[in-house]
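A.B. asks: One letter stands for each residue in the lines below.
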Amino acid sequence: MKPSIIINKLRQFIIFSIWLFIWQLGHFLVGNELLIPSPLSTLIRLAEMLQTIDFYRQVAATFYRVFVGVMVSLVVGGISALLSYKIRFIDELFKPMVTFMKTTPVMAIIILALLWFKSGQVPIFVCFLMVYPIIYTNVLTGLRQLDQSLIELNKVFEVKPVLQIKECYWPQLIPYLKAALQLAIGIGWKVVIAAEVLAVPYYAMGYELLDAKIYLETSEVFAWVIAIIILSQCCEAMVNRMLNRKEATYDYHKGSI
Amino acid sequence: MIIIKDLSKSYDNLIVHQRLNVKIKENQITSLLGPSGCGKTTLLRILAGLEPFDSGEIIGVQGKKIAYLFQEDRLMPWLTAEENIAYVLKSKYMKEQVEEKIDSIFELIQLQGYKNYGIDKLSGGMKRRIALGRALAYDGELLLLDEPFKGLDDALKESLYEGVKAYFAQKPCTVINVTHDKKEAEYLGEYIYLDSKSLIKA
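Those protein sequence lines, which keep their order, are chains A and B.
According to the numbering used here, the first sequence is numbered sequentially starting from 3.
According to the numbering used here, the second sequence is numbered sequentially starting from 53.
Bound-form chain B, shown alone:
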């Protein structure tokens, strides 16, 4: 269980979270829903250790291998699609394992024919899928997804939901998924509704 206890975070005069309390179950997908600016991304950044917080406690994250799909794709244009995914894997896995993971992940994101393409030659949706593939292939114990299906058409989204769900059924891990889409949240698993500065529903 990941427990966020009395977490407060503010930027100068802007209060993002005030005594936020959330419990996230292990080995399942939990979506964070809420209006823009309610601090969903900030919460993910705090969990990833990229953002300090003012007060409170986070239990169950320390020492976990974290994979993160950022709100932006954060792909390197001088590397190919395949190299971008391999880049985060090389430090953790042997060469054969990296190749194996890349093959299966390209199948999952349905971009098998685009491994050797330069990033700037891919469409926005394709880039998003590469970034998603990178986060999935890393096999983190905690996976943070910030709007993973942003910019994808409905048909592709639905087929990816299936793929991602099947992937997690095979390799269970704790997933925190930030989204604006209630349908997506409901389909993928449990969800938590975050309102400005406080937790409304869990």
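Bound conformation, chain A alone:
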């Protein structure tokens, strides 16, 4: 292992230890397991949860809602951004809608969604409404930043549209898509859990969070929060890896002089 990697890992370990210490100190100062449970009791509770099949059912159900919400946002956001880029009228038509989606409080959307949808569908709808503006705005910005001189090149040399998208436009859009997805996944997990807390679908991590709170199982609440953070981070890392690989295929530094 390279010395720089060892130093990096060591630094990460020290940062993690400092935060763990602050948590333990908080628990010690408050002195009440119901308000701030200790890291150890949270870890024990998490380990117990990991041994039940229900835990995986809740995780799978919530993951499914985040996945569907983000994917639908990605497809609809991508297509509508392309339409807005091409047709000025569509751009102006979508502007107030996107502003509305960006500024409306998430709770207001959840309450409305509760009236319109079944409990299992509410988190997906809320996730879509929260994530869609991020994808739409980023993809549209990326499209507007496309190199105009290359658009002329494509026109003169009559490059096939599929090739234009694959080799000319896609590499220019990847950084914008990457930034959008990084944001979208984090927000997606947060809003799906929030919607699950209010919509209480049958299998849901959000529902379990609420249940733990009702029975004053604070260590279980903390354990669920840790599980959510880990899952959200894993999803983000997976998407980053996928897009980084894609970026690497368009490596700028093939060969050197």
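By construction, these hints were calculated from the structure, which means they are not laboratory data.
Some hints here could point you the wrong way.
Stated by the list, open to error - Below 30 Å or equal to it, Euclidean Cα-Cα: the simulated DSSO-like pairs (lysine-lysine) are: (1) 142/B x 57/B; (2) 157/A x 167/B; (3) 162/A x 179/B; (4) 162/A x 144/B.
Just so you know, these numbers come straight off a predicted model, no measurement behind them.
Fit chain B to the known structure of chain A by using the hints.
C.D. replies: Just chain B now, with coordinates in the frame of chain A:
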């Protein structure tokens, strides 16, 4: 024959061409000479269909397969030198033809060892030669060159003139070459001198 008849073009209050008349012979190299700002690049852009014009007529360009070496290189930094040339060829030619063309064009531009290099690893002169190679390899019926030898040293320029002339002798096409260098224009073939807003000499 490409005939440009009474062509006028202006940007807001700036008149670039006023009733310009030019005749360009087919299957030979014609250079456009003239001072900066006399509208040489604008004329190429109009011929390529990238720029509208106010009035006049252009005969003999419609339906022609056009290749264009822009004033800027317009290369994609995420592709290698070879991929940049292949990019414009893939829509017109089969895979084997693309490979064949790339091999011969890299020889012509004297960059055989740099096919797999990233664009940002190449010098300005090398990039110019890749852009020139891309325009030549396309085998257009009308080839528009905007200062093709810009930024190259004299020795390399002269050896490229030879190569380019030999290339066109093998594959004749109509070439319109914009340049500031009278020697280059004379060497490559006929030339037309454009002055501001009017045609002086043909």
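A.B. asks: Give a verdict on every hint.
C.D. replies: Status of the hints after comparison with the structure:
no.	hint	in the structure
1	142/B x 57/B	violated, 35 Å
2	157/A x 167/B	holds, 25 Å
3	162/A x 179/B	holds, 24 Å
4	162/A x 144/B	holds, 9 Å
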